[in-house]
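Visitor: Those sequence lines, one after another, are chains A and B.
Position 164 (the first sequence) corresponds to 164 in our numbering; numbering is contiguous.
Position 63 (the second sequence) corresponds to 329 in our numbering; numbering is contiguous.
Since the hints were made in silico from the structure, they are not lab data.
No false leads were slipped in.
Simulated restraints, written as ranges between beta carbons of each label pair:
1. A/THR10 with B/LYS290: 51 to 59 Å
2. B/GLY382 with A/ILE18: 52 to 60 Å
3. A/LYS40 with B/GLU442: 33 to 41 Å
4. B/ALA422 with A/SER57: 32 to 40 Å
5. B/LYS281 with A/GLU20: 17 to 25 Å
6. B/MET482 with A/LYS232: 32 to 40 Å
7. A/ILE18 with B/GLU393: 42 to 50 Å
8. B/LYS281 with A/ALA7: 21 to 29 Å
9. A/PHE17 with B/ALA422: 35 to 43 Å
10. A/SER57 with B/ASN469: 51 to 59 Å
For lysine-lysine, the following DSS-like pairs were computed, each having C-alpha atoms within a straight-line distance of at most 30 Å:
11. B/LYS280 with A/LYS12
12. B/LYS389 with A/LYS236
13. A/LYS232 with B/LYS389
14. B/LYS280 with A/LYS236
15. A/LYS144 with B/LYS413
16. B/LYS272 with A/LYS144
17. B/LYS364 with A/LYS40
18. B/LYS295 with B/LYS413
19. A/LYS50 with B/LYS368
20. A/LYS132 with A/LYS236
21. B/LYS281 with A/LYS6
22. B/LYS290 with B/LYS440
23. B/LYS364 with A/LYS132
24. A/LYS132 with B/LYS320
25. A/LYS50 with B/LYS364
26. B/LYS368 with A/LYS144
27. B/LYS440 with A/LYS144
28. B/LYS364 with A/LYS144
29. A/LYS40 with B/LYS359
30. A/LYS232 with B/LYS320
31. A/LYS132 with B/LYS440
32. A/LYS232 with B/LYS359
33. B/LYS280 with A/LYS6
34. A/LYS144 with B/LYS359
35. B/LYS281 with A/LYS236
36. B/LYS281 with A/LYS232
37. B/LYS320 with A/LYS40
38. A/LYS50 with B/LYS359
39. A/LYS132 with B/LYS280
40. A/LYS50 with A/LYS132
No residue lacks a Cβ here, since even glycine has one placed at the ideal position from N, Cα and C.
Listed here are the chains, written in short residue letters.
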Amino acid sequence: MKIYYKATYTYKLYRMFIQELESFVTTLGNIALLGLEFLKGLRHFPTTFKSIMYQASRFGVSSLPITLSIVGMTSIIIAMQVAGEMVKQGAGNYVGMLVAILMVREEGVIMAGFAIISMIGSSLASEIATMKVTEQIDAIRVLKVNPVHYLFTPRIIAGTLMMPLVVIVASVFGILGGAVASNLVSGLTYKAYFDSVWFGLYMKDLNVCLLKSLTFGFVISLISCSCGMEAKDGAKGVGVATTKAVVWSFVSIVVLDLLFAAMFFY
Amino acid sequence: MGIEVKNLVKSFDKKVILEDLSFKVDDGKILSIIGFSGSGKSTVLKLISGLIEKDSGEIITSGGDIAMVFQYSALFDSLNVFDNISFALQERKDLRGKYTRKELERIVAEKLDLVGLSGIEDKYPSELSGGMQKRVSFARAIVTEPKIILYDEPTAGLDPISSTLIEDYIVRLKNETNAASIVVTHQMSTIRRTADSVLMLYNGHAVFEGTPEELMEQRTPYTKQFVTASIEGPMNMKG
Ligand SMILES: Nc1ncnc2c1ncn2[C@@H]1O[C@H](COP(=O)(O)OP(=O)(O)O)[C@@H](O)[C@H]1O
Ligand SMILES: [Mg+2]
Numbered sequence: 001m002k003i004y005y006k007a008t009y010t011y012k013l014y015r016m017f018i019q020e021l022e023s024f025v026t027t028l029g030n031i032a033l034l035g036l037e038f039l040k041g042l043r044h045f046p047t048t049f050k051s052i053m054y055q056a057s058r059f060g061v062s063s064l065p066i067t068l069s070i071v072g073m074t075s076i077i078i079a080m081q082v083a084g085e086m087v088k089q090g091a092g093n094y095v096g097m098l099v100a101i102l103m104v105r106e107e108g109v110i111m112a113g114f115a116i117i118s119m120i121g122s123s124l125a126s127e128i129a130t131m132k133v134t135e136q137i138d139a140i141r142v143l144k145v146n147p148v149h150y151l152f153t154p155r156i157i158a159g160t161l162m163m164p165l166v167v168i169v170a171s172v173f174g175i176l177g178g179a180v181a182s183n184l185v186s187g188l189t190y191k192a193y194f195d196s197v198w199f200g201l202y203m204k205d206l207n208v209c210l211l212k213s214l215t216f217g218f219v220i221s222l223i224s225c226s227c228g229m230e231a232k233d234g235a236k237g238v239g240v241a242t243t244k245a246v247v248w249s250f251v252s253i254v255v256l257d258l259l260f261a262a263m264f265f266y
Numbered sequence: 267m268g269i270e271v272k273n274l275v276k277s278f279d280k281k282v283i284l285e286d287l288s289f290k291v292d293d294g295k296i297l298s299i300i301g302f303s304g305s306g307k308s309t310v311l312k313l314i315s316g317l318i319e320k321d322s323g324e325i326i327t328s329g330g331d332i333a334m335v336f337q338y339s340a341l342f343d344s345l346n347v348f349d350n351i352s353f354a355l356q357e358r359k360d361l362r363g364k365y366t367r368k369e370l371e372r373i374v375a376e377k378l379d380l381v382g383l384s385g386i387e388d389k390y391p392s393e394l395s396g397g398m399q400k401r402v403s404f405a406r407a408i409v410t411e412p413k414i415i416l417y418d419e420p421t422a423g424l425d426p427i428s429s430t431l432i433e434d435y436i437v438r439l440k441n442e443t444n445a446a447s448i449v450v451t452h453q454m455s456t457i458r459r460t461a462d463s464v465l466m467l468y469n470g471h472a473v474f475e476g477t478p479e480e481l482m483e484q485r486t487p488y489t490k491q492f493v494t495a496s497i498e499g500p501m502n503m504k505g
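The whole structure should be built from the sequences, with the hints applied where relevant.
Guide: Okay, here's the thing in structure tokens:
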């Protein structure tokens, strides 16, 4: 009896796995290639200041409300959960420090990252993907303009530079939110809260926070553009590309966050 | 000298789309490429315009720019008509900064006039009808005075009157620019009204080459099947 191995489930699973792996490597490769092309394009800096500013305002304006609500809410939750307990244990003086460390080291950046991915990353990806499936990108190419330089450079520069701004505003907002929540929930005075905020913050924290937000901003806009560029097959392809951009961005910034934590705080 | 294609071969993932295709289009002439969906017509245009790479063969074109008009116009929907048409003049590395705003305005007005539109510089593509979008995309394509113009199904999805208008403008652009043009189409009216010669693609080969009149005469099984739009015949559409 001949066993046709291609009909087995083991083989099918194996094929599926290989295909996933292939598409993973392809995506990674495309992102890297786009990053390279972006860096090459920086040499002649072809994008106008105007279009960077336009993209930057788009990043800032559309992402701040949701970023502030998420970060504000998170810090209020943290303060509510721990402030009461810490005050009871006599550690009320450290609530501000705790919130500040959490905000500056982790929450501010990662929550702003999530907000930026869902507001900006997805809109970048679907914008580029729509241009791709409606042949607008081909039209740019036929007109002898480099689509990476024309479309992506201003978006990636804007994304990289706007991220720290959003993170700073969000972190400050988060720390303020923590103060109000601690005061309301466990009667901690504002003075006690803010005195301890400074205990927890070192210059290094702020520098790492800045570096991290620049990196996240760059990675999110790069991945979003790259995944958008891979779109094919009409309207359905736009959805697929957008989903992919969001998933890849989420995973990437969490992995990067881990690397940052290991590199700078371990 | 126009366009000369010799022994062109192109496949996608082992699927051969074009196999040994050769043809020639002289300056000031229009070649119409016909064939069923999926026969590789758009692929031919993309190869000539350099959007995709050929596997082998030769594509010889007279120097100068190659313009392409896309099936769904592919206007940039975030830019108004003025910026769409002057896109190449504003953004191309070798042209950027070469024109003053006044000159750009003059060139855009001139191109718009060529396609029978004027005064719509401030409109966005979404505010225009399909036929108008198509004509704006003509204007955008010819802004750098190309020597070759490629049209991908220029009348697809348009009502008969808009189609006729588009066909007239294709001929008009040919006369104005003396460019060599290729028009990919399904429509007999477009062939009749624009083409100097016709090439029918099937299975990666040219199964007919001749004048529109010869096509109408239906002297081969292929031309007969195409002109009568018959299911019966040598060409079958898989799927
Ligand atoms: N980028 C691509 N990758 C893989 N297959 C493609 C690609 N472009 C076109 N094809 C395939 O090549 C064939 C010819 O496509 P196309 O030139 O668009 O046909 P037509 O314009 O005549 O309808 C189709 O079967 C299509 O699926
Ligand atoms: Mg086609």
